[in-house]
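K.L.:
According to the working numbering, the stretch in the sequence shown is residues 1 to 102, in order.
Source of the hints: derived by calculation from the structure; they are not laboratory data. Keep in mind it's a predicted model, so treat the numbers as computed, not measured. Please note that a few of the clues may not be correct.
Below, simulated DMTMM-like cross-link-like pairs (lysine to aspartate or glutamate); rule was C-alpha separation at most 25 Å, straight line [stated by the list, open to error]:
#1 Lys-37 x Asp-60
#2 Lys-37 x Glu-7
#3 Lys-19 x Glu-65
#4 Lys-37 x Glu-11
#5 Lys-37 x Glu-17
#6 Lys-19 x Asp-30
#7 Lys-37 x Asp-12
#8 Lys-19 x Asp-60
#9 Lys-37 x Asp-6
#10 Lys-37 x Asp-66
#11 Lys-19 x Asp-63
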Amino acid sequence: MGAYYDEIEIEDMAWDEEKRVYHYPCPCGDRFEISRKQLRNYEDIATCPSCSLIIRVIYDPLDYEDDPDTDEDDVSATGTDSESDSADEKFQDALSNLHISS
1 MGAYYDEIEI EDMAWDEEKR VYHYPCPCGD RFEISRKQLR NYEDIATCPS
51 CSLIIRVIYD PLDYEDDPDT DEDDVSATGT DSESDSADEK FQDALSNLHI
101 SS
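Build the full structure now, drawing on both the sequences and the hints.
P.N.:
Structure (structure tokens):
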């Protein structure tokens with residue numbers, strides 16, 4: 001792909017601990033974003049969620065190869081693991097209370 005808005009070095013991007021992404025200002029007013037997981041997977045395209053612009057991120061993939069899985073897809077980091085357990089418990093309770101009459 002050759003239609004990048006710009007090429008930005010990872011050092012020029014800011015890390016957002018809450019969203020767990022690197023970001024860089026987009027001319028539309030939003031910001032380009034790329035996660036550590038994407039970088040680990042050798043992806044170098046940061047996208048803007050508000051417009052169609054993309055940037056190429058310049059970085060060394062070896063810096064992210066051994067990165068632990070601690071970004072948005074890690075359920076223990078986001079707390080969704082306990083929410084999932086709660087949903088499973090509710091499902092089991094509903095299943096045990098289910099009575100089918102013929």
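K.L.:
Each hint needs a verdict: does it hold in this structure or not?
P.N.:
Verification of the hints:
This hinted pair checks out: Lys-37 and Asp-60 have alpha carbons roughly 14 Å apart, not beyond 25 Å. About 19 Å separates the Cα atoms of Lys-37 and Glu-7, which keeps this hinted pair within 25 Å; it holds. For the hint pairing Lys-19 with Glu-65, the CA-to-CA distance comes to about 21 Å; that is within 25 Å, so the pair holds. In summary, the hint linking Lys-37 to Glu-11 is supported, as the alpha carbons are separated by about 17 Å, within the 25 Å threshold.
Of the supplied pair hints, the one linking Lys-37 and Glu-17 holds, its CA atoms being roughly 14 Å apart against a limit of 25 Å. For the proposed pair Lys-19 and Asp-30, the alpha carbon gap of about 14 Å is at most 25 Å, so the pair holds. As the CA atoms of Lys-37 and Asp-12 are separated by approximately 18 Å, the hinted pair is consistent with the 25 Å bound. Of the supplied pair hints, the one linking Lys-19 and Asp-60 holds, its CA atoms being roughly 22 Å apart against a limit of 25 Å.
Using a Cα cut-off of 25 Å, the hinted pair Lys-37 and Asp-6 holds, with the two alpha carbons roughly 21 Å apart. For the proposed pair Lys-37 and Asp-66, the alpha carbon gap of about 11 Å is at most 25 Å, so the pair holds. Annotation: proposed proximity of Lys-19 to Asp-63 holds, straight-line Cα distance about 20 Å (limit 25 Å).
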